[in-house]
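Once you've looked at the hints, dock chain B against the given chain A.
Residue numbers (this note's numbering), protein chains in the order written: chain A, 1 to 810; chain B, 1 to 116.
It is worth saying that the hints were derived from the structure and are not from the lab.
Mixed in with the good hints there might be a few duds.
Per label pair, the in silico range of CB-to-CB distance [claimed, not checked]: (1) PRO275(A) with LEU95(B): 40 to 50 Å; (2) LEU95(B) with TRP631(A): 51 to 61 Å; (3) ASN776(A) with LEU4(B): 17 to 27 Å; (4) PHE81(B) with GLN658(A): 55 to 65 Å; (5) MET562(A) with LEU95(B): 25 to 35 Å; (6) TYR232(A) with PHE81(B): 53 to 63 Å.
Some chain A residues flagged as far from chain B (calculated, every beta-carbon gap over 10 Å) [as the list claims (entries may be wrong)]: (7) LYS32; (8) PHE181; (9) LEU270.
Glycine is no exception: its CB is placed at the ideal position from the N, C-alpha and C atoms.
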Amino acid sequence: MKLFKFLLSLSITAVLAFALNNKLGQVPPLGKFLNPFDGFWQNAQTKEQVISKAPKEVHLDGLKGRVEVIYDERLVPHIFAENEEDLYFMQGYVTAQHRLWQMEFQTHAAAGRICEIVGKIALELDRTNRRKGLAFGAERAVALMDSLPLAKMLLTQYAKGVNAYINSLTYKDLPIEYKLFDYYPEPWTPLKTALLLKYMANTLASGDDAIENTNTLKLLGRPTFDLLFPDYHPEQAPIVPTEGKWNFEPLKVNTPKVQFSERFYHVVPLPKPEPNTGSNNWAVSGGKTASGNPILCDDPHLTLSLPSIWFEMQLAAPGVNTYGVTLPGAPNVIIGFNDSIAWGVTNAQRDVLDLYAIEYKDHTRQEYFFEGKWRKTTKRIEEIKIRHQQPYYDTVIYTHWGPVTYDKKFHQDRQHSDLAMRWTAHDPSLELFTFYYLNRAKNYQDFVKAISYFDCPAQNFAFASVKGDIAMHVQGKYPLKWREQGKFILDGSNSASAWQGFIPDEHNVQVLNPKRGYVSSANQHPTDTLYPYYIYAGNYEYYRNRRINGLLDSMNAITPQMMMAMQNDNFNLKAAESLPYFLAQIDTTLLNASQKPIYRLLSKWDFYNHPEAEAPSYYEAWWSNLIRMLWDEFLGKGIPYARPDAFTTIKLLKKYPQHPLFDNQQTPDRETAREIIIKSFLEAIDSLARWQQQHGGQLPLWADFKATSIQHLARIEPFGVKKVRNGGNRNIINATSERHGPSWRMVVELDKKGVKGWGVYPGGQSGNPGSPYYANMIDHWREGKYYELLFMSSPLQPVNNILFRQTFIN
Amino acid sequence: MFLLQVMTLAVVCSVFQILLPGNAVYTVSIVSLVFGIIFGKKPFQAFAMGFLSISLLWGVYAAWIDYTTDFILGDKVAALFSLPNGLALAAVTGLIGGLLSGCACLSGALLRKLLA
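Isolated chain A, as found in the complex (with noise of 0.2 Å):
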């Protein structure tokens, strides 16, 4: 009895310490992860436990000299190093220091991992990832980076200083998400800075839409479809409008007797790159400032999220001192400015993804027919990892087009069709060296030879120098394509679908300082249709860019601070082109009490989303029900198909409002364009109403019923910040959404005697939730307020308000 009662107990002991010891289905491992000596509550941290818990001297393996680190007050590190090995291994150790585990996260995302650390709910995250061959593309980046000494050397002790850094950290020590979901970092390697890198370009450049552009052109018919997808809009303000003519003999493109596929294709498209990441960039010269210095900005939009993508440094060693905002997981500094230059980037929309039908020869799947032979296919397996069960295998098949991402075992519907996909992304490539370069750039001609290393993603890279100039390149590496080459499904079975080679660096849409000083993009059609080549992108901006430049035309005398205002400019080029339209549809005298109010506000509207205005929640609401109830009930469902854009919409309203395109087929009355925008009006006021009633009676101000929230990357709820308030949209130049919006705005004025840079992002610089520097910049960010950038020329210059200092030698 005595023993069985000892046994009995020992046993529950035993039980209950394996429990508590390790994690149970979503529940953390509660005695590893809830202990207060190790546990998640050692997280936590105050201002002058970040202060007191930093040795002012470490030792660490692997520097050749003495490198200083200060911190200013924003937690901002400022490495100043004697040499590049140290500078580039102390970038590593900082960044690891902040953001591991960020940067491991998103590495394990692109290269299709997440199921090993959550398990199988992220498959078919994972699947996607590795369908779209990111880590293929990362393989042969570093193939390429291993033989040049440069790119190897940058990698490497990189890689280095990360593992410095991990190898020094105890269970403590780990950031709380590897407590939460139980799991320890694996070293760093060079393969995981180009992962980080094909995870940018899968963010920003593998945007396609070919499938749905097929379905569309079959159902519609060539003139209702290009009606309705134009290729270019005359009212547009592209990028780099054509002066006089572009000063080069294009290259021969062959355009061949190919037919585009016939048939409708049921596959179920990829989620697209989110289209409210774009970016507004502008550099205005001298002549058009109030000091006589160029004044550059930039504020790239992407999905609002912590940690911030974004991380602030300054980088020094002989031959470079370079501020700015880095990403975690590559070397140097991204977006920023030396004393001698500064640059910014948008994205450069561009179809640099397309797909081809492949025909296999039987279901081994062993060969494709190519040029009237068989051609032979490769296979990858991909092994998914997943935690706590049996691994996944997916068998992905490559041609010489890239991997057959949709197949008869992804993404179908009702019968199969086998889609592979050549990207440019996938394509070695060294955009590394354009920041190595930019990063130490003099004048124009260095930051000409830094971009012409940068091929995927392409962006339009804004520059600006003390010496006066300002240019704009729309850098990337860009198929050379007959007229519409990859809109449509191609055959894959042809040589003569492949693309005819790349635009040469010099033929790519650029200017350098001119006549209406000033330079600008915002995701708009990189020129006009006087330029020799064919250009794509499904994704066209049209408002933000007409607004800046309408803003830029009419500014003289500029100083920063009239930039910074412009970055959070709130004004609706959209609505006040399309509201006083839609207002005109409306018979008032059949609107009832509660309706007619709503009408006079938006009458009344200054067209601005300001955060505490009401219109702008009605015009919002308006739009989005115009825009589905136009375009979904006559497109249909089941089929993937292409929908017009915001500005095609409004003008084919305005000018066709008889179209029958825009009858609602599922009625028997012919309607038109003005019963559908009455229609839609009235659902917005239900809809609003409806949000009052959950809200308790609570005005639908902009800021409030937008409700901006910034979710933690892991999407962990409580990590995230909700209820933003501020104002804007898409189309707006201040571009912030729901979910995203300007990740970091940028102000710099290139004096001569001292560039000056001013900032902020909606985040802070520790990754930690137990920080407080892990979201403080926020409510400065939104509240449209810049610090000034501590720009340091020497370790030794004396500073206020620095946090702590710290030396790190071998």
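Chain B alone, transformed into the frame defined by chain A:
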């Protein structure tokens, strides 16, 4: 005497937890088991000794961290567990530690009886 044992257990557990980071559960279990063998004259008393000692140690330490860090992380993690705030989570932390130690002390006491 009982209170002295409770305090000694807390101190010894703290020392081993600091020396062996990342092994909280096994450290507490083994130390408590040994304490049960040595001091566990009555099974219930042994359980109470472990429970009281470690629930206070973990709970008070967690609450102290939460308080001194301005509840910056405790409240967020509490929300994850559907608890109202970090102090409630500190109480749960204490409860879990206490339960573990209590069971281990009890096992120790029963072993002591068996060997006696």
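Results of checking the hints against the structure:
{"no.": "1", "hint": "PRO275(A) with LEU95(B): 40 to 50 Å", "result": "48 Å, holds"}
{"no.": "2", "hint": "LEU95(B) with TRP631(A): 51 to 61 Å", "result": "56 Å, holds"}
{"no.": "3", "hint": "ASN776(A) with LEU4(B): 17 to 27 Å", "result": "46 Å, violated"}
{"no.": "4", "hint": "PHE81(B) with GLN658(A): 55 to 65 Å", "result": "60 Å, holds"}
{"no.": "5", "hint": "MET562(A) with LEU95(B): 25 to 35 Å", "result": "59 Å, violated"}
{"no.": "6", "hint": "TYR232(A) with PHE81(B): 53 to 63 Å", "result": "55 Å, holds"}
{"no.": "7", "hint": "LYS32", "result": "6 Å, violated"}
{"no.": "8", "hint": "PHE181", "result": "12 Å, holds"}
{"no.": "9", "hint": "LEU270", "result": "31 Å, holds"}
In the structure shown, a violation is registered for the earlier hints numbered 3, 5 and 7, in ascending order.
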